[in-house]
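Undergrad: First residue of the sequence shown: 1, per UniProt numbering; consecutive thereafter.
Just so you know, these hints were derived from the structure itself, not from any lab.
One or more hints might be untrue.
Claimed, not checked - What follows is a list of derived Cβ distance ranges for each label pair: (1) G35 / D100: 35 to 45 Å; (2) S102 / T34: 49 to 59 Å; (3) G104 / R37: 55 to 65 Å; (4) R116 / L18: 34 to 44 Å; (5) R116 / E54: 17 to 27 Å; (6) S91 / P8: 26 to 36 Å; (7) P8 / V105: 23 to 33 Å; (8) R92 / Y14: 18 to 28 Å; (9) S17 / R39: 32 to 42 Å; (10) A82 / E54: 37 to 47 Å; (11) A83 / T34: 18 to 28 Å.
Backbone N, C-alpha and C define an ideal beta-carbon position, used for all residues, glycine too.
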Amino acid sequence: MVSRLIAPEIAEKYGRSLVTVRRWMATDEWPAATGKRGRWLEFDSDAVDSAYREHFGRDTATHGDPNELLDPAGIAEHTGLAAGTVRADISRGRFGEPDDDSNGVKRWKRSTIDARMASRRPRRRAE
């Protein structure tokens, strides 16, 4: 039997808000509905998973030398976060103390950033 998901189940599975999932559903990248359950459209679980990985999820794969030092611009490029988000996270201490701050440039090891990103919760809006 094919597993089917509705929007609230998709939001719960991926740790995102229902509003975010509904925005995804409005894009061309989202798979076609396979049926309906109550007032919700149903989507094939495998198709949703594929669309999420390809278009909506953060790249969680670690690549590169884990000891490479990244400045804030490098962190933004590596994580896919906006540069402003990286600067805000640094000022709030979310990346911890820099692994190197020689010459006045704060830099973190790629492995440190990967560990912080793995534990990063997606921000959820109140609905």
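Undergrad: Determine for every hint whether it applies to the structure shown.
TA: To see whether the hints hold, each was checked on the structure:
1. G35 / D100: 35 to 45 Å: 54 Å, violated
2. S102 / T34: 49 to 59 Å: At 56 Å between Cβs, range holds.
3. G104 / R37: 55 to 65 Å: 57 Å, holds
4. R116 / L18: 34 to 44 Å: Once the Cβ atoms are compared, 27 Å apart, the range 34 to 44 Å for L18 and R116 is violated.
5. R116 / E54: 17 to 27 Å: 24 Å, holds
6. S91 / P8: 26 to 36 Å: With a Cβ separation near 35 Å, S91 and P8 satisfy 26 to 36 Å, so the hint holds.
7. P8 / V105: 23 to 33 Å: 45 Å, violated
8. R92 / Y14: 18 to 28 Å: Between R92 and Y14, where Cβ atoms are some 24 Å apart, the hint holds.
9. S17 / R39: 32 to 42 Å: 18 Å, violated
10. A82 / E54: 37 to 47 Å: Cβ of A82 to Cβ of E54: about 21 Å, so the range 37 to 47 Å is violated.
11. A83 / T34: 18 to 28 Å: 39 Å, violated
This entry does not satisfy hints 1, 4, 7, 9, 10 and 11, going by the numbered hints stated previously.
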